[in-house]
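Undergrad: Residues per chain, in single letters:
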Amino acid sequence: MNNPMNIVYALDLLGTAAFAASGALVGVRKRLDLLGVIVLGVVTATGGGVVRDLMLNDAPPFCFKNEFYLYLSVGVAIIVFLAPAHFERLRKEMLLLDALGLGTFLVIGTSKALAFKLGFMGSILMGVVTATCGGMLRDVLSNEIPLILQREIYASACVAGGAGLYLMHQAGFPEPVRLTVAALLVIAIRVAAILKGWQLPRRTDI
Amino acid sequence: MNNPMNIVYALDLLGTAAFAASGALVGVRKRLDLLGVIVLGVVTATGGGVVRDLMLNDAPPFCFKNEFYLYLSVGVAIIVFLAPAHFERLRKEMLLLDALGLGTFLVIGTSKALAFKLGFMGSILMGVVTATCGGMLRDVLSNEIPLILQREIYASACVAGGAGLYLMHQAGFPEPVRLTVAALLVIAIRVAAILKGWQLPRRTDI
Amino acid sequence: MNNPMNIVYALDLLGTAAFAASGALVGVRKRLDLLGVIVLGVVTATGGGVVRDLMLNDAPPFCFKNEFYLYLSVGVAIIVFLAPAHFERLRKEMLLLDALGLGTFLVIGTSKALAFKLGFMGSILMGVVTATCGGMLRDVLSNEIPLILQREIYASACVAGGAGLYLMHQAGFPEPVRLTVAALLVIAIRVAAILKGWQLPRRTDI
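Chains as they are written, first to last, in our numbering: chain A, 1 to 206; chain B, 1 to 206; chain C, 1 to 206.
So here's chain A without its partners, still in its complex pose (with noise of 0.2 Å):
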């Protein structure tokens, strides 16, 4: 684990599990079958890194040449289909555990924009996608607005690290403390946002 790669790695683990059993709780609870709940829990945990590997066209995308992502949200999935109370109770450090995933995939989708050389907006873009879009596959098959477009600061704390990753790549950081610095932003303005209900604006007079 000395090397920084292993513990992205290992975050990366964390928020697929997170993300697969957000999305296969939503799945129990619109009452979908066993199999649908699995989709929705391999949908939200991987839909975002998908649809950033077809924007930069790297294919197959991700989860087709490691695998161990598909097998862990099929797992996850069905541990939540068996025992959803359980996940139920643990709202807390499901939002907890949902937040660390945010701040992973954002600043894993940032840095291969980076790699593929894309500029500022689509830097910040393509981990907003790889971040976000999971839970937005989620809720379009729910049925739903999608959450990110309504609730509390989720997506701005995306945009924050994400803004804060090039910057910190323009100015040459070493790439250890740029990931830290950056994943650890968006997962402080998730929580405080979270403990302090802290909502951006909206038009409440149209």
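Don't read these hints as lab results, they were simulated from the structure. For glycine and all other residues, C-beta sits at the position ideal for the given N, C-alpha and C. Some hints here could point you the wrong way.
[Claimed, not checked] Between beta-carbon pairs, the in silico distance windows are:
id, chain 1, residue 1, chain 2, residue 2, range
1, C, F68, A, E175, 27 to 33 Å
2, A, I206, C, K92, 15 to 21 Å
3, C, K196, A, Y71, 53 to 59 Å
4, A, K117, C, E144, 33 to 39 Å
5, B, L167, A, A85, 31 to 37 Å
6, C, L14, B, A115, 42 to 48 Å
7, A, L96, C, E144, 32 to 38 Å
[What the hints assert, rightly or not] To spell it out: a stretch of chain A is covered by chain B in this simulated footprint if at least three of its residues, at any positions, have a beta carbon under 8 Å from a beta carbon of chain B; those stretches are:
id, stretch
8, 22 to 33
9, 48 to 62
10, 77 to 86
11, 140 to 151
Using the hints provided, position chains B and C relative to the given structure of chain A.
TA: For chains B and C alone, coordinates are given in the frame of chain A:
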């Protein structure tokens, strides 16, 4: 018709027509206009293969290389628009053709994934995507939760067929045998599920 | 501005701004937060071109090669968020700009498909995708059945323009002529449909 590939192509066109009809019928029921009905027919018939080809990076997607798929889908959708009551009456025949399309699309998708050297999970998933993503897009565009996430054994039949095809491929079965067996497996499971009302488990306690 | 490509680029930016405003307005009406409004503006403005580039395998999609499209969409969405009432009042002007964007996006998409050697159906479809997928994604994310599947002549105007552009291309018309004629055809059909209330047929008997 001695060449097994010609038989697969014939079944592929039959499945395409069945899927286009199912999409167009939903469009008619949702009171879409003529073009909306055509779009829903085309998306249902070709959406699965297009998503598969995007993920495998085989561009442009199949129906742009052989436009007959597009002409066929548009033609079927127009016929459905002109005489929807006939198709409503052919409910049983439509379900059978749909099962046939399901088996054929699964076999085509998983075979292509094997040709692209994907692993066990990836090969199954590409078959499932090919067979079900068109119907999922149809339901998302109609503002419904995708039927395949809820309904009697449907995508599950594809998972079984895809796993069987992968294993027969590893075991070195000749192509005509494994394609036929896998497709028949999907069709048999699906038809039995309809006749017997088989369902996957779902939680109703949460 | 003597170069026809400069005119196309200017119209492209105008259409991008109009589409971004339409997406952002839907976001404001759905009570999304500021970032949700920006996301919906960006997706509406760039979604069609991104889907087209994914299908043509021209990676990364256009707006990552020229980020000005992203800055423009974000900027317009923020302005709409700050002063939505102004845009609500400019209903007619917005419809006109939208028609102009429709014609421009169709021409860009079909031209690109011709450059990639697609056939008749594929070239029309790529123009339709470029012009309408952004709006379809906007509606799917807002949990609505896409307007273009239901509403007065909209995608149909694109089909006519795309077919015209393909035929003029085959007949060897010079590029400035065919681009202008096809775009004007789309805009004229769309504006006439709004003014006259033209509709495609739809079934109401089933």
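Undergrad: Compare the structure with each hint and give your call.
TA: Hints, one by one, checked against the model:
Restraint check, C/F68 to A/E175: a C-beta distance of roughly 29 Å satisfies the suggested window 27 to 33 Å. At roughly 18 Å, the beta carbons of A/I206 and C/K92 sit within the given window of 15 to 21 Å. Hint check: C/K196 to A/Y71, Cβ distance near 58 Å, so the stated range 53 to 59 Å holds. Roughly 37 Å separates the CB atoms of A/K117 and C/E144, a value that falls within the hinted 33 to 39 Å.
Our hint of 31 to 37 Å for B/L167 and A/A85 holds, since their Cβ atoms are close to 36 Å apart. In this structure, C/L14 and B/A115 meet the distance hint of 42 to 48 Å, their C-beta atoms being roughly 45 Å apart. Between A/L96 and C/E144 the beta carbon distance is about 34 Å. The supplied range of 32 to 38 Å therefore holds. With 7 residues having a beta carbon nearer than 8 Å to a beta carbon of chain B, the stretch 22 to 33 of chain A meets the requirement of three or more and the stated coverage holds.
Under the rule that three or more residues need a Cβ within less than 8 Å of chain B, the assignment of the stretch 48 to 62 of chain A holds, with 6 such residues. Chain B is given as covering the stretch 77 to 86 of chain A, and this holds because 3 residues of the stretch bring a CB closer than 8 Å to a CB of that chain, at least three being needed. Three residues within the 8 Å Cβ limit are the bar, and the stretch 140 to 151 of chain A against chain B gives 4, so the coverage statement holds.
No hint from the list above goes unmet by this structure.
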